[in-house]
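Peer 1: Sequence:
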Amino acid sequence: MRQLDATIETFPIRGVFAIARGSRTVSTVVHARVSQDGVAGQGECVPYRHYGETPESVLAQMESARTDIEGGAGRDELLRLLPAGAARNATDAALWDLEARLAGQPAWRLAGLDCSPETRTVRTLSLDTPEAMASEAAKVSGFGTLKLKLDGRDDIARVEAVKAAAPGCALLVDANESWDPADLESQLHALAGLGVAMVEQPVKPGDDRLLERIERPLPVGADESFHTEADLERVARRYDVVNLKLDKTGGLTAALAIRRAAEARGLGIMVGCMVGTSLSMAPALVLAHGARFVDLDGPYLLARDREPGLRLEPDGRMGWNGELWGG
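The numbers in the working numbering rise by one with no breaks, and the one at position 286 of the sequence shown is 418.
Be careful, since some hints might not be right.
Between beta-carbon pairs, the in silico distance windows are [what the hints assert, rightly or not]: (1) 342 <-> 156: 36 to 44 Å; (2) 263 <-> 160: 45 to 53 Å; (3) 455 <-> 341: 43 to 51 Å; (4) 189 <-> 436: 21 to 29 Å.
The list that follows gives simulated cross-link-like pairs (lysine to any residue, SDA-like), each with its CA atoms no further than 20 Å apart [claimed, not checked]: (5) 271 <-> 432; (6) 336 <-> 368; (7) 295 <-> 336; (8) 336 <-> 432; (9) 271 <-> 293; (10) 336 <-> 302; (11) 336 <-> 350.
Read the hints as simulated data drawn from the structure, not as lab findings. Even glycine gets a Cβ: it sits at the ideal position worked out from N, Cα and C.
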């Protein structure tokens, strides 16, 4: 007999994490646990209010599927039981973990990988003044690739300041929908001239139809405009890269299929995250294997991670820990 348990937990963020839509000092997550035959699997999600989610709504969704999950529903059945989103992600991760432990094989092998996944994440610079972002960039330049949060004001000055402070780093930028569509083309060209490697979600979904009609002098990535496989046909006309986040796709099971479909359309893959613990990142390590861009630095942004956590090196290298997740 299976048992599903879910709880709300909080983890303090190191300092303040700010983007164009606001700032926060705490990451609130939902922890899921599915136990069977004396073995337990766990998963984590980060409910995102911008997508209409709260910790309480996530718990309610999980509760709606309790009977089926405790009755033995597997990951494929979960795709029908719950919609894409955070609740399905945490539950899917717990089922992956449980399956791996019951089978005595690591989750990465069950997913078809031939080696334990490791990756190197970018380091995100929270939205701030150009001077403050430059100061932070100098401290974390060892990551090699930095992602700057922008808000449509002083963005070129921010990029210039970071570039001067960390001249050896590749730069990505994430506007979180904040740019004025009228400035889109000129901003893209200005950032291309500064050597920026990719711009993520410059304008709001809907406004991004402009990307079909203008020259894109550097890759443009879809985040808020992209959630599930149903979005791919539209996104492929407007973007060059899709940001796969497990809290959007509704877990690793769906994300692996979406990645294959995105690559078949010629789209580049970015694997991203919400600000969560190592438990949120562990299944994403499987997805990130061979991805063009990897942004899984959530645990680096926290003042306290789970114990045990992933192996996190000061330069952004992240290593598997089967004790945490996935066997």
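Peer 1: Each hint needs a verdict: does it hold in this structure or not?
Peer 2: Consistency of the hints with the structure:
| no. | hint | in the structure |
| --- | --- | --- |
| 1 | 342 <-> 156: 36 to 44 Å | violated, 30 Å |
| 2 | 263 <-> 160: 45 to 53 Å | violated, 31 Å |
| 3 | 455 <-> 341: 43 to 51 Å | holds, 47 Å |
| 4 | 189 <-> 436: 21 to 29 Å | holds, 25 Å |
| 5 | 271 <-> 432 | holds, 13 Å |
| 6 | 336 <-> 368 | holds, 16 Å |
| 7 | 295 <-> 336 | violated, 26 Å |
| 8 | 336 <-> 432 | violated, 28 Å |
| 9 | 271 <-> 293 | holds, 14 Å |
| 10 | 336 <-> 302 | violated, 25 Å |
| 11 | 336 <-> 350 | holds, 18 Å |
Checked against the numbered hints above, the structure violates hints 1, 2, 7, 8 and 10; every other hint is satisfied.
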